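Asker: Order-wise, the sequence lines are chains A and B.
For reference, each letter of the first sequence is one residue, going 39 to 255 in the working numbering.
For reference, each letter of the second sequence is one residue, going 6 to 229 in the working numbering.
By construction, these hints were calculated from the structure, which means they are not laboratory data.
Be a bit skeptical, because a hint or two may be false.
Derived list of chain A stretches under chain B, where covered just means 3 residues or more per stretch with a C-beta under 8 Å from a C-beta of chain B [said to hold, decoys possible]:
(1) 51–58
(2) 63–75
(3) 135–146
(4) 198–210
(5) 221–228
Quantities reported herein were computed from a predicted structural model and do not represent experimental measurements.
Where a beta carbon is used, it is the ideal one built from N, C-alpha and C, also for glycine.
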Amino acid sequence: MSGPVPQQIPPALTARAAGLVACESCGRVHRDGIAQCQRCGAALHSRRPGSLQKVWAWLFAGIVVYIPANIYPMLLTTSFGRTTENTIIGGVIELIDYGSFGVALIVFVASVLIPVGKFIAIGYLALVVRPGARIGRGSGLRGRQHLYEVVEFIGRWSMIDVFVVAILAALVQLDFAATISPGIAAVSFSLSVAFTMLAAQSFDPRLIWDAEEGTAP
Amino acid sequence: MFDASDPTRARAGSGSPPTLDPDRLIACPNCDALQHDAAVPVGAQARCHRCGTVLMAPRERAMTRIVMLAATALVLMVAAVFFPFLELSAGGMVRRSSLLDAVLAFSSGMMLPLTFATAALIIVLPTLRLAGIVYALAPMALGWHPARHAVPVFRLTQALRPWAMAEIFIVGVSVALVKVAGLAKLSFGPAFWTFAALVLVTVLSDNYMCRLTVWKTLEERRRP
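All chains, full assembly: derive it from the sequences and hints.
Answerer: The structure is reproduced here in structure tokens:
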């Protein structure tokens, strides 16, 4: 193995190096060649087949549908015969105009910072763990592990804005005075969240540690 | 808290990979490092000796507590769905809407897929997950053999976890309240508080849940 072992993490014997297969769902260890975990019934893979391909596919799908989510209106408000359209950013600006800075910040973080941060984080992880990657090999493993955990935990919180639209559209049906209905961006935004969640779930975290092992396939 | 021990440490120096007994080992699901499958005392935590992930953290009477809390959340869910959630009044008109109305808001034309998605994320999947937890773990809490198909059911509840978004919905409600404030007067219905309680109870139940311990218990209690 080249390079210093970072942060005093002892090089460990992995299940794969020992010729065993570990179950990702329950931790049980099996001899190689068994297809299904005997404890929990999950499919057994030493490393998930095609993990990175799936990550890239879902990630690109997520980015593609995130574009219309920002261009088209998320919310259509009809008040006294006049219809105003609000995009995601428009909704944030409106909240700032009301003086609700805290809530504006929540929506901005959930709908812009988290999705964009997720695109970058997943792309970065998929780049650095690919076989033969030169970037920071064997260093910052714990940092990447934490990045992966944060991405997995935080991604679903982007759905806040979609739920806001759902509640507003259900509540504000006051005939002439005001009516709120959802725009097409609500659909593409929820798809974007779902696709990036699938991208994060397709990622096999064990790939992060294979770099240290120096035996990435 | 203690580190799960490294099975290689005792055998350090031997050139060839040692022959290991898979039944006495567990592997970290995050980094694949092997560790001895030692019994973890109640209240302690076993962490992976390489990446630090918490592997096992058994809690006292965890099964009973998880099942009780999940059952409570199920009852709360029924109330939360059917009672009025929010009440909006503007210009002499009052509009009550339940959780079901919020879900059906997208029901026109192109928005139909969003209706299914919202219904699934805030009602169907959380309910399914809670019911699955009660089904798979209630016999464990009582000290019986696992129910039929408990293993696939528990695996399903694990897979559903990221997709059950009740807690995110509550935050969405709070944001919506602020947005509507200028337009009309809003008040909470009983279902709002029920739903908030449901979120709290679900979080508590998940807190007691230790995946690896549950799987081991399910395997040990399996019908011979």
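Asker: Against this structure, judge whether each hint is valid.
Answerer: Status of each hint after checking the structure:
no., hint, verdict
1, 51–58, "holds (count 8)"
2, 63–75, "holds (count 7)"
3, 135–146, "holds (count 5)"
4, 198–210, "holds (count 12)"
5, 221–228, "holds (count 4)"
Violated hints for the displayed structure: none, as all numbered hints are satisfied.
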